[in-house]
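Chains as they are written, first to last, in our numbering: chain A, 1 to 532; chain B, 533 to 880.
Hint data in this document are derived by calculation from the structure and do not stem from the laboratory.
Note that the structure is a prediction, hence the values are computed from the model and not measured.
Every residue, glycine too, gets a C-beta built ideally from N, C-alpha and C.
Among these hints, one or two may not hold up.
[Said to hold, decoys possible] Which bits of chain A does chain B cover? Going by a derived footprint, with three or more residues having C-beta under 8 Å, they are: (1) 5-15; (2) 411-420.
[Stated by the list, open to error] Heads up, simulated EDC-like pairs for lysine to aspartate or glutamate below, C-alpha to C-alpha not over 16 Å straight-line: (3) A:Lys451 with A:Asp427; (4) B:Lys676 with A:Glu92; (5) B:Lys572 with B:Glu604; (6) A:Lys49 with A:Glu113; (7) B:Lys852 with B:Asp594; (8) A:Lys401 with A:Glu485; (9) A:Lys437 with A:Asp521; (10) B:Lys673 with A:Glu92; (11) A:Lys401 with A:Glu227; (12) B:Lys673 with A:Asp134; (13) A:Lys285 with A:Asp308; (14) A:Lys401 with A:Glu214; (15) A:Lys475 with A:Glu455; (16) A:Lys133 with A:Glu6; (17) A:Lys303 with A:Glu340; (18) A:Lys304 with A:Glu260; (19) B:Lys852 with A:Glu466; (20) A:Lys10 with B:Glu690; (21) B:Lys758 with B:Asp720; (22) A:Lys451 with B:Asp769; (23) B:Lys675 with A:Glu92; (24) A:Lys467 with B:Glu850; (25) A:Lys384 with A:Glu222; (26) A:Lys443 with A:Asp427; (27) B:Lys675 with A:Asp134; (28) B:Lys826 with B:Asp594; (29) A:Lys384 with A:Glu223; (30) B:Lys696 with A:Glu214.
Take a look at the letters that make up each chain.
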Amino acid sequence: MKAFSELIVKLGSSTKTNEKLEALSHYFATADDADKVWVIALFSGRRPKRIISSSFLQLWCLEITDLPAWLFEECYHTVGDLAETIALLLPERTGALRNAGLAFIISQLTALEKQDENAKKDFIVRTWLQMNKDDRFVFNKLLTGNFRIGVSQKMIVNALAKTVNLEPNIIAHRISGNWNPFTTSFNELLSDQLSAVDYSKPYPFYLAYALDTEVSDLGREEEWQAEWKWDGIRGQLIKRSNEIFVWSRGEELMTEKFPEYDDLRSLLPEGLVLDGEIIPSIDKKPLPFALLQTRIGRKNITKKNLQDAPIAFFAYDVLEYNGIDYRNQSLCQRRIILEEIVASVNHPVLLISPIVEFSTWQQLAHIRNSSRDMGAEGIMLKRKSSTYQAGRKVGDWWKWKIDPLVIDAVMIYAQKGHGRRSNLYTDYTFAVKDGDKLVTFTKAYSGLTDKEFAEVDAFVKRNSLEKFGPVRTVKPELVFEIAFEGIAASSRHKSGVALRFPRINRWRQDKKPGEINTLDDLKKMLDAYGKT
Amino acid sequence: MQLIEFTESGLYCRQGDFYIDPWQPVNKAIITHAHSDHAKPGSRHYLCHHFTAPLLKLRLGDISIQSLEWNEEITINNVKVSLHPAGHIIGSSQIRISFNDDIWVVSGDYKVEDDGISGAFEPVRCNTFISESTFGLPLYKWKKQEVIYENIRQWITESHQSGKTPVIIAYSLGKAQRVLQCISTITDNIFAHGAIWNTQQALLTAGWKLPAIKRVIPEMPKEVFKNSVIIAPPSADGTPWMKKFSPYSIGVCSGWMQVRGNVRRKNADAGFALSDHADWDGLLSAVKATGADKVFVTHGFQSAFSRYLNENGILSAEVKTAYGGEEEEQEKPSTTTEQENEINTAGE
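Starting from the given sequences, assemble the full structure and let the hints guide the process.
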């Protein structure tokens, strides 16, 4: 555990990618194989089952420290992380330091899964009191099942590439997909054997950067293929061993969430991997993302869900065909195969993401302006000769998004943030005018500089009504321009609208609260862009 | 009538007609310590501890100033006034005032651990105690000074081993002297930012013995700093002034470093929770040691600390003051490059 918590401390405090990489590769070069497997698993979102709810952890911490619950809450809001709050509040370790390996601790926790609450409490409390602060923090992170540590898949892969003698893109492929850290050894994970059995295994997604120069800088138009940039869930649709698998970009196996794709099982050829977008769609037309959200979070998809938000797969690439890896072929060649497959399947659930024809950049810019009417959020530009690469790479694929929608609003609630924003009011709720009332319509957490956050934080601390609890009601005085990608009707929000990707575009220090937009303005935007 | 009233200009003793740490110019000001949020310019007469006087002059210029020894009692308009060590920084004092049988103590900023420089905090019995609460949440629990010192020294060694120059961020008055005390046992190759160097000169002139430091001068070639340790105030962090130490590694010394998120926000390579303020247990023990039956809580987590005291049988109320709001202070955007002539002396 010590080696692992040291790694976490290093990763958490180092600001340079190189240092993080070094810390990781040092870990991979020195740690136990069993522990390494778990580090790969944890950092790629595979975590052990939670054996206890975090409210018990809080309760036991209160028992040990004899603090009132409200004070624990205050500490939690200041620290912004439950695992760390508990680690800080517990008394100093008294006995000898416990130094069990990561994999061993996880196996102990897993063994407790079926046991009663007392057994769990006994083990957890005992372990807490045998650990120092850093170990406790990591231990609590394992318990609360929430390991976001700012390490990308790419970094893990590159660190592994320094210790195991394999190409990074091969490693990326091996550690993706459906493997079990309890039963997989380090050698198995990084050898060919496993991928032979794992029929579900997706390929690492090729990700595009946002276009940050003039589009004409890309060179000659005929070298590029343009497509709509869809607003759905990026996914891989896989058929192998007569089974269908659907992976999200976030490496989540989502097959069961989309029973619609079942129909494709008998239609798709064996040994096929398609890359595309999972989008709600009727009559080959995409519907707003908000519809998809109505069914994503659900454990059981109802008939009504299927009716109200039917799903299609807008395919734009083929990565494997007849069991053969096609990623090194050019986009042009892959496109020909893709079009053939989609045409032969001829099923409304599998659509081709059409090519947007254009002859000049100017013309494409014009077409791009109609993205919203198409239900798209801009244009994707892909070099016709490009191979399908692994991860985010500069050069061959670009996303060229349209400008966001914007609205001026006033901040009326604030909450303290998490992570590097701990003890700073950085999470805000915004309102628009409705006559002489204010109506909240969105929260936003990002878009200000550290310096601006510090100023707003100072304002909140000086101008809030409450003293306790997470939320501060502040004087409606600060005006911000909120940017968002889409708008949809929502019965869950007082304002009647839900925004897609809301964030702070800029602080309008030039505007007074009286000059903000109105609920009517929002409704007009809903009429213009939010029609399903 | 309360012996001390909370007015717009600051804590005011009507009977004695003087203020303690006023934030507006007044006639008579008693100053707890020389940090800028407690010692404001413009008052006609100042009263403070002997050690604070030269620091006040350095900051406020030519002022009318009277100074006292700790535990030396004087009388102002029938109010007895004495100063008692607060352990916060050099010269920092609690102010005890009494009139008839009523005794009040104003803590100023304080810490209960003896750092070997600032004087050992002295609990003073009183009826009413006015306490700071900068770190008034139980998540703030400091390690022993010697343990933190050892961590700092180890980090310096590691930085040197990996070819980096360690840059320690510490407030120029208070923290910087403790850092010096910590690192002078392993190195005498220490450079300091102008603000810290100025403070050092004032302290040396006042007769303090401090480890020797060299001032960083813009013309110095890069090579000079190899294998040295740099001490710089928070205002220098992240400015072009740091460039010449490159490659460097930043270690921030502040109680706020107790929380991981703060270390990350500061872009620090290392954070050391070395504070000049009392931690949660320190605040509680100080309050109890006064025997006060009423406690006013000022700057910091005053709502939480005050509520906790009330729930634990100590009558308490919050008081709004203009002191640092060190909570905000930590986030003040740094715009300065090298404030050679200004001493950045705000609290934690």
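Tested hints:
no., hint, in the structure
1, 5-15, "holds (count 4)"
2, 411-420, "holds (count 3)"
3, A:Lys451 with A:Asp427, "15 Å, holds"
4, B:Lys676 with A:Glu92, "12 Å, holds"
5, B:Lys572 with B:Glu604, "24 Å, violated"
6, A:Lys49 with A:Glu113, "8 Å, holds"
7, B:Lys852 with B:Asp594, "30 Å, violated"
8, A:Lys401 with A:Glu485, "10 Å, holds"
9, A:Lys437 with A:Asp521, "15 Å, holds"
10, B:Lys673 with A:Glu92, "10 Å, holds"
11, A:Lys401 with A:Glu227, "12 Å, holds"
12, B:Lys673 with A:Asp134, "14 Å, holds"
13, A:Lys285 with A:Asp308, "14 Å, holds"
14, A:Lys401 with A:Glu214, "13 Å, holds"
15, A:Lys475 with A:Glu455, "15 Å, holds"
16, A:Lys133 with A:Glu6, "11 Å, holds"
17, A:Lys303 with A:Glu340, "32 Å, violated"
18, A:Lys304 with A:Glu260, "13 Å, holds"
19, B:Lys852 with A:Glu466, "15 Å, holds"
20, A:Lys10 with B:Glu690, "13 Å, holds"
21, B:Lys758 with B:Asp720, "13 Å, holds"
22, A:Lys451 with B:Asp769, "14 Å, holds"
23, B:Lys675 with A:Glu92, "10 Å, holds"
24, A:Lys467 with B:Glu850, "11 Å, holds"
25, A:Lys384 with A:Glu222, "8 Å, holds"
26, A:Lys443 with A:Asp427, "7 Å, holds"
27, B:Lys675 with A:Asp134, "14 Å, holds"
28, B:Lys826 with B:Asp594, "38 Å, violated"
29, A:Lys384 with A:Glu223, "6 Å, holds"
30, B:Lys696 with A:Glu214, "40 Å, violated"
Comparing the model with each earlier hint shows violations of hints 5, 7, 17, 28, 30; every other hint is respected.
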